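All chains, full assembly: derive it from the sequences and hints.
Positions 1 to 401 (the working numbering) are the ones given, in order, by the sequence shown.
For the record, the hints were derived by calculation from the structure and aren't laboratory data. All values reported here derive from a predicted model rather than from experimental measurement. Heads up, none of these hints are tricks.
Computed spacing ranges between beta-carbons, pair by pair:
no., residue 1, residue 2, range
1, K400, S251, 29 to 35 Å
2, E398, F253, 18 to 24 Å
3, D152, M401, 47 to 53 Å
Within a straight-line C-alpha distance of at most 20 Å, the following computed EDC-like cross-link-like pairs (lysine to aspartate or glutamate) qualify:
no., residue 1, residue 2
4, K212, D356
5, K328, D347
6, K377, E389
7, K385, D233
8, K377, E333
9, K367, E378
10, K83, D190
11, K82, D181
12, K367, D348
We put the beta carbon where it would ideally sit given N, CA and C, even for glycine.
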Amino acid sequence: MHDSGALTPPATPTGASHSKSSSASSDFLSSLSSLRRGGSLSSSHGRPSLDEQLTGPESTELMTYPHHLIDYTIPLDEKDRKKPIGSGAWSNVYLANSTLPQMREKPSMPMMTPPLTPVRSRNASTSETLPSIPQRYAIKAPNSTSAKKVLDAEARVLSYLSQYPSSSAHMVSFFGQDTRDGALVLEAMDMTLEDWISTNLNILDRSSRTNKLATIFPQLALSLIDSMTWLHDKECIHADAKPSNILVSMSPFHAVFSDFSSSILPSSDAQSTPGPMGAGTWDFLDPSLLSSLNPATPCAATDLWSLAITLVYFVLGASPFETFRHNKFQFREMVKSGSPLQCIGYDDVALARLKDLSRALGWDVGKWFGMVLMKKKENRAEVGKWRAELVRCMRVAEAKM
Numbered sequence: 001m002h003d004s005g006a007l008t009p010p011a012t013p014t015g016a017s018h019s020k021s022s023s024a025s026s027d028f029l030s031s032l033s034s035l036r037r038g039g040s041l042s043s044s045h046g047r048p049s050l051d052e053q054l055t056g057p058e059s060t061e062l063m064t065y066p067h068h069l070i071d072y073t074i075p076l077d078e079k080d081r082k083k084p085i086g087s088g089a090w091s092n093v094y095l096a097n098s099t100l101p102q103m104r105e106k107p108s109m110p111m112m113t114p115p116l117t118p119v120r121s122r123n124a125s126t127s128e129t130l131p132s133i134p135q136r137y138a139i140k141a142p143n144s145t146s147a148k149k150v151l152d153a154e155a156r157v158l159s160y161l162s163q164y165p166s167s168s169a170h171m172v173s174f175f176g177q178d179t180r181d182g183a184l185v186l187e188a189m190d191m192t193l194e195d196w197i198s199t200n201l202n203i204l205d206r207s208s209r210t211n212k213l214a215t216i217f218p219q220l221a222l223s224l225i226d227s228m229t230w231l232h233d234k235e236c237i238h239a240d241a242k243p244s245n246i247l248v249s250m251s252p253f254h255a256v257f258s259d260f261s262s263s264i265l266p267s268s269d270a271q272s273t274p275g276p277m278g279a280g281t282w283d284f285l286d287p288s289l290l291s292s293l294n295p296a297t298p299c300a301a302t303d304l305w306s307l308a309i310t311l312v313y314f315v316l317g318a319s320p321f322e323t324f325r326h327n328k329f330q331f332r333e334m335v336k337s338g339s340p341l342q343c344i345g346y347d348d349v350a351l352a353r354l355k356d357l358s359r360a361l362g363w364d365v366g367k368w369f370g371m372v373l374m375k376k377k378e379n380r381a382e383v384g385k386w387r388a389e390l391v392r393c394m395r396v397a398e399a400k401m
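Structure (structure tokens):
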């Protein structure tokens, strides 16, 4: 994609010799500060900051990645090929290293390599410090011509959500869309929740697994519920919540939502949004979405179902429908039945893991899941009630210790 040759950082500028240079340095610092927040540098002059003026989905400006200021390179393997670290229905994801851009013409102001020494102009009363720039990115590149439209739509969703100062606590940080190829430039995190379960939970013996799960599960569940509530407060339906679309950082352990390629905003064109049958994973889909006669539209309730199944997967280390996967027809019928907790009863290992966690925590985890995992939406608890019950159970358990 880009030249991966080593670049020699230029000298750090120590000051401005005249007001025009001072203004340029200030603009550059302001631009990179915007990048740090996930902002676009394409047209930052004369505009209020995103923190000061938030816009709705229909009017949000697309964030474009400022490759003229900070570029990236994707390492090649021994056969000079890009090796993806992940792939999906519409894209491949590559790990990339941040680097200085190649200068094709003489720059109008000194270029700087982050992180930098504070820059102070003669007219400035205080020093302005350039924020650090990520050393690595995750580059989500379209894997086909048709996929470009999907990533364009996802870039709009990410641009809208990223304007909120608290976005990085709930979703993967977005640094803009690369206009050269349509790729999305995202924060590189440690792994997906699905990978974490495989490498950190499922390898443990029964007792160790239960203890580790009991330590992490309540706070993880609370965090993801709050993050989904945050998305819904912004009128965004994720529409594809599952362990592989949740990213985690290890130090400290924290999880955020990713992959908004199926997400829906109030102003979204339904024709441009892939339906759940196209990119969704059956295990995590609300049964109402799978009706052949009158399929529902993704909404907050269907999102909450997907999150509940995701948390069940976290506890079991597998899908609650795993026992039926060998028979595709039976598997799909069980998913459409809307009875995931009953399906666990057919798997002795899964049932034991659910009971072990309940004993370790001191409250009935299965009963808590049952508040949401009911086929009829009108019988399900709303997210606020589900969250409140989780907090109550956690407090009761703490009081017993």
